[in-house]
Every structure is written in C-alpha cells, then in structure tokens.
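Line by line, the protein sequences are chains U and X. Using the working numbering, read the first sequence as starting at 1 and increasing by one per residue. Using the working numbering, read the second sequence as starting at 1 and increasing by one per residue.
Calculated from the structure, these hints are not laboratory results. Just so you know, not all the hints are guaranteed correct.
[Said to hold, decoys possible] List time: in silico BS3-like cross-link candidates among lysine-lysine, alpha-carbon distance up to 27 Å: (1) K29/X / K18/U; (2) K346/U / K263/U; (3) K18/U / K147/X; (4) K200/X / K10/U; (5) K18/U / K207/X; (6) K308/U / K200/X; (7) K230/X / K269/U; (8) K87/X / K10/U; (9) K87/X / K44/U; (10) K266/U / K230/X; (11) K109/U / K221/U; (12) K266/U / K53/X; (13) K207/X / K111/X; (14) K43/U / K207/X; (15) K29/X / K111/X; (16) K111/X / K253/X; (17) K108/U / K142/U; (18) K44/U / K147/X; (19) K108/U / K218/U.
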Amino acid sequence: MNFDLTNDQKMLQEEVRKYAQTELAPLAPEIDKSGEFPWASIKKMAQLGLLGVIVPEQYGGSGFDFVSLAIAIEEISRACASTGVIVAVNNSLTTYPIVQFGSEEQKKKYLPSLCNGQKIGAFGLTEPNAGSDVAGMESTAKLDGGHYILNGTKRFITNGGEAGTFVVFAYTNRELKHKGISAFIVERDTPGFSLGNHEDLMGIRATANCELIFEDVKVPKENILGNEGDGFKICMNTLDVSRIDIGAQAVGIAQASLDEAVKYSKERKAFGQPVCNFQMIQSMIADMATQIQAARLLVHYAGYCKDKGMQRFSKESAMSKYYASDIAVDVARKAVQIHGGYGYSKDYTVERLYRDAKILELYEGTSEVQKIVIARELTR
Amino acid sequence: MDLIVCIKRVPQTAEAEVRVDSSGKDIVKDRLTFDMNEADTYALEAAILLKEKFGGTITAISLGVADAEDTLRIALAKGADSAVRIKAEDFGELDGFKTAALLKEVIKDIKFDAIFTGCMATDDSYYQVGPVLAEMLGVPHATLVSKVEVSEEKVRVNRELEGGLIEHLEMSLPAVFAVQTGINEPRYASLIAIRRAAGKEIKILGKEDIPVETKTNSTLEELFVPPVGKRAEILTGSADEVAARTAGIIKEKGLI
C-alpha cells in the first residue's frame with residue numbers, strides 16, 4: 001500500500017497548480033461573466049501537454065497515466081471549473097476513445113491536432129430526448145457506398161460550439177437496440193453539420209455548450225470507431241474513464257470552495273473575533289476537508305484501477321463520480337454559508353463555485369445513473 | 001555555452017502567516033509550501049534562453065535538504081541538463097558566505113562560461129551568494145541584472161538601480177550574474193519534459209565529497225516579528241469618515 005504520488009505525478013501536480021493558479025484563476029470570473037471560450041488558455045495548455053495527457057507520445061500526447069490526468073483536471077478545475085471540463089472532455093471523451101478504439105490511421109490523423117491545440121474535441125452522445133437512456137437516442141447513420149449518412153440532433157454538448165473534432169453516436173441498426181449503435185469521428189467542416197442553440201447555463205458558462213445538428217452529413221466510412229455496433233460498448237467504456245475526471249473536477253471545485261471558506265473565516269470578524277473560532281463554522285470546515293479527502297482518494301483509486309489494467313472498473317469510476325459530485329455541491333454550499341450574505345454576491349468566488357458545482361450531479365451520467373451502475377455491479 | 005544556475009528551495013512566505021518557532025532562530029515551516037526561489041526562476045530562464053540561442057549545457061546546483069531534489073527536477077524539466085544537490089544537512093548553520101564557499105568547491109571542478117543566480121533568496125534576503133561566489137572564483141559579477149545580451153566573448157548587461165535608473169555594463173566571460181525578478185517570462189515545464197526529468201539522476205554531494213572547513217561569518221541570534229510601532233495611527237469609523245481623515249492627513253503632511 002502506497003499513497004505517495006510518483007516523482008512525475010508530484011511534479012505535474014506542482015507545475016499544473018502553479019500554471020492554473022497564476023494564469024487560469026484570474027480569468028475564471030471574467031469568462032464566467034462573458035461566456036467566452038478560453039482559446040488563449042487552451043493554446044497555452046496544448047504547449048504544456050495538457051490536452052493529450054494520456055495520449056502516447058508518438059501521436060503528440062504526453063504519455064501519462066490516468067491518475068496523472070485526474071491530478072491535472074483537479075488542479076485546473078480548482079482554478080477554473082469551465083476550463084477544467086473543457087480539458088477533461090478533450091482528454092477523456094475525445095482523445096481517449098480514439099486512443100482506445102481507433103485504427104492506426106485514425107490515431108495518426110486525429111490525435112495530433114487534438115493534442116496541439118489546433119482543434120478541441122467534443123462528445124456527441126446526449127440528445128434532446130435521450131440523456132441517461134442512451135439507447136433511446138434517435139440519431140441514425142446509414143451506409144451509402146463509401147459514406148455513412150448521419151442524421152440527428154445532439155444537445156448539451158460541452159465544447160460543441162468551438163470543437164473541430166467530434167465523437168458522435170448514432171444507430172446503424174435500430175433493430176439491434178443498443179447493439180446497433182455505432183461511434184463515428186466527425187469533422188466540423190463536413191457539409192450538413194451545423195450548430196443549434198448555445199445553452200445559457202447556470203454554471204461552467206465558458207464551455208461553448210451547444211446543440212449539434214446533423215442533416216444528411218456524409219461521414220467517410222473509414223471514420224467509424226471500431227466496428228458497426230461497437231458504439232454502446234465504446235460509449236460505456238469511455239464514460240467509465242471520463243467519470244473519473246468529472247470526479248477530479250468535483251474535487252477541484254470542492255477544494256477551491258474550502259480554500260475560500262477557510263481564508264474568509266479567518267478574516268471575517270463577528271462578536272469580536274474571527275468567525276473561524278466558532279464551533280459551528282469549525283464543524284463545517286472539518287466536514288468539508290474530510291469529504292474532499294475521501295472524494296480525492298476515491299478518484300485516485302478509480303484512476304489506479306484503470307492504470308492497473310482492470311477490465312471492469314465501472315463501479316469504482318461511478319463511485320468516484322457520484323461521491324465527489326455529491327460532496328462538491330455540499331462543500332460549495334457550506335462555503336457560501338460560511339461567507340454569509342457575501343457568499344451570495346458575485347463579488348465573491350464561492351458564488352460562482354456553487355453554480356459551477358451543480359452540473360457535476362447532472363452530466364456524464366446523473367448521480368441516479370451512477371447509483372444504478374454501482375448497485376447493478378453488486379447485484380448482477 | 002556552458003552555464004551553471006544556482007537554485008534555492010524556499011518556503012513561500014509572501015501570502016502566508018509567518019510565525020517564529022520555539023528556537024527563536026527559524027520560522028514554523030510545517031504548513032508552508034516550498035518552491036524554487038522566485039529570482040532563481042528568472043535566473044534559470046535566462047540561462048535556458050542563452051542555451052537555446054548558443055547551444056551548450058546547463059548544470060543546476062542547489063544547496064538544500066532532500067526536498068531540494070524536487071526543485072532540481074523541475075529545473076531539469078525546464079531545460080537544465082544535469083543537477084547537483086549539496087547536502088545541506090551535512091553542513092550545519094549556513095549564511096550567504098558559507099553557501100557561496102560550498103558552491104565554489106563544487107563549481108571549481110566544472111567548466112563554465114557563466115553562472116546565474118537569483119539576486120536574492122526570499123527566505124533570508126542576504127543578496128550575497130552571487131557576488132561572494134564570483135569573488136571566490138575570481139571572475140567578474142553583476143548584481144540586480146535586468147538584461148543579459150551575449151555576443152562572442154562580450155556580454156552587455158543592464159542593472160536595475162534605485163530611482164528608475166539603469167546601469168549598462170560591458171563584461172567579459174566567464175562571469176556571475178545575479179538576476180533580478182521580472183527580466184523574462186519563466187516557462188512552465190511541459191508534461192513530456194516532466195516525465196523525462198522524473199527519472200534523471202541527481203548527483204548528491206555530502207561532507208565526504210566536499211572536505212573543506214567552511215564557517216559562517218555571521219551568527220543568527222534571533223528572529224522576531226517587530227512590535228507594532230507607536231507612531232501608527234489606526235483610523236476607525238465608516239468608510240467615508242476614514243477616507244476624509246486619510247485625505248486630511250495627506251494634506252497636513254504636505255504630501256499633495
């Protein structure tokens with residue numbers, strides 16, 4: 001048993017923290033307000049190798065493991081939750097399925113530009129009428145000669161409005177139910193592809209969350225990931241990995257909330273003393289710190305399971321995402337509570353953190369879906 | 001060019017609450033984070049920029065305890081080629097003079113064109129290591145360096161003086177440059193570079209490798225937080241009242 005990070009993980013943590021706190025944190029309130037997609041930060045993070053953390057070096061990535069990716073996502077999210085999920089989506093929802101399921105040609109063609117910041121990736125799964133119920137999707141892809149003809153609408157797509165490369169899911173054979181879903185790599189400039197509504201979200205407001213519309217989009221046959229019918233499997237495996245990073249994002253948001261709460265409680269005086277002296281504030285701080293530590297260990301453990309090559313780590317991944325999301329919302333709420341009325345003001349960071357935290361319980365599988373995954377693994 | 005950068009790992013005290021420990025000669029460090037001394041990050045970057053232009057090697061040296069190896073590894077990831085830790089735990093109490101003397105013992109066996117140090121360390125603020133090291137090695141030095149331009153064997157150096165003045169010097173190599181903060185934009189280490197640096201060996205030198213008797217030429221007697229001065233006037237009241245009183249004082253003192 002060893003809880004120590006390796007040398008390279010420790011250095012990565014230190015360096016990413018320094019970068020994120022110096023360069024991303026000051027921008028976080030600005031892009032929360034403006035909703036502007038942080039392209040300049042993305043280009044810089046590409047130089048540092050943060051867009052392709054787990055991608056092998058020969059495809060332009062950094063060649064780190066999944067625990068390292070979680071550490072990086074935590075540090076970025078601690079400074080800016082929007083930037084955290086932008087990077088998480090590029091890493092675990094776009095480059096990961098291509099690394100894991102793509103052909104050699106697909107890896108060579110798509111991974112370098114997703115790692116070097118030329119393009120950002122997005123994951124087209126959710127639809128207006130199908131979120132948790134993946135098999136309820138309506139998008140279709142029909143083979144016609146050398147192309148698949150893709151039709152459908154995807155909704156709530158993080159990075160959608162700015163992405164250049166999409167991993168998109170659609171039925172190639174509806175009769176086979178979930179076994180008839182396939183995954184495709186779709187490029188933004190393909191005719192018939194357009195953007196729909198930009199979502200005006202409560203939190204993570206700079207993530208170009210957008211609707212994707214596919215009208216007779218001709219996707220080259222060679223852009224299918226794996227084989228026809230592999231889509232559901234690719235989707236589930238990808239979500240097992242990406243949920244670890246949403247867990248990491250949650251830990252980052254929670255840590256930022258605790259940092260703010262501790263600082264404020266030492267500065268703010270009431271009844272002639274700093275409010276951190278009051279037991280009810282101390283109780284909240286103790287709970288927050290304990291919750292964060294537990295969540296972080298669950299996240300690192302889930303990453304460790306993936307790194308160890310465990311075939312099934314759905315339960316571990318779901319637990320990390322479910323618990324970390326749950327406590328992040330609670331920790332952010334307590335941070336607002338400790339700030340009193342000031343915490344409800346946009347002048348204080350915790351107001352943003354509370355809004356940013358709520359999405360964690362909703363995307364990449366709601367908390368209810370995570371509980372289904374966990375319970376099914378225990379009762380199957 | 002063969003370059004040496006001297007690096008110190010220091011506690012980050014700028015925004016932390018600093019307390020003196022029970023010995024009265026050090027601060028409580030258990031809750032502080034440690035990192036490369038700020039001016040040293042600029043010294044390292046200055047060396048990396050020269051290496052990128054002229055080729056050559058960079059050796060990073062730190063006199064510190066085992067944790068200093070983490071800081072040296074970051075230097076390796078940013079662009080240093082090799083790293084040396086001098087075991088601080090072997091040498092007892094240190095000051096600027098003794099630090100320079102130990103660095104000299106290591107550096108005298110290394111071929112170098114220039115040595116970069118930070119102009120000061122944020123923990124003890126001695127401003128000594130660069131100039132003393134240069135004198136011990138018998139080479140010229142410049143302190144508070146705000147610009148270094150190398151062409152052939154000449155170096156054009158700017159030094160930042162009080163009152164916004166810049167002193168321009170021409171120097172010959174080899175030399176020591178004690179670098180001011182803000183002279184460049186220190187890079188972050190990329191993930192690939194971190195992965196490569198993580199496994200690199202760091203040379204560790206202890207008392208048996210540096211068998212010289214060096215003494216500090218000063219002794220730290222006490223470290224304390226100064227008492228609040230009697231001349232300070234704390235203004236109380238509403239924001240408007242405090243602002244009006246502040247404006248009044250500034251006028252009274254003839255400051256505007």
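Indices of hints not satisfied (ascending) = Those not satisfied are hints 5, 9, 12, 14, 15, 16.
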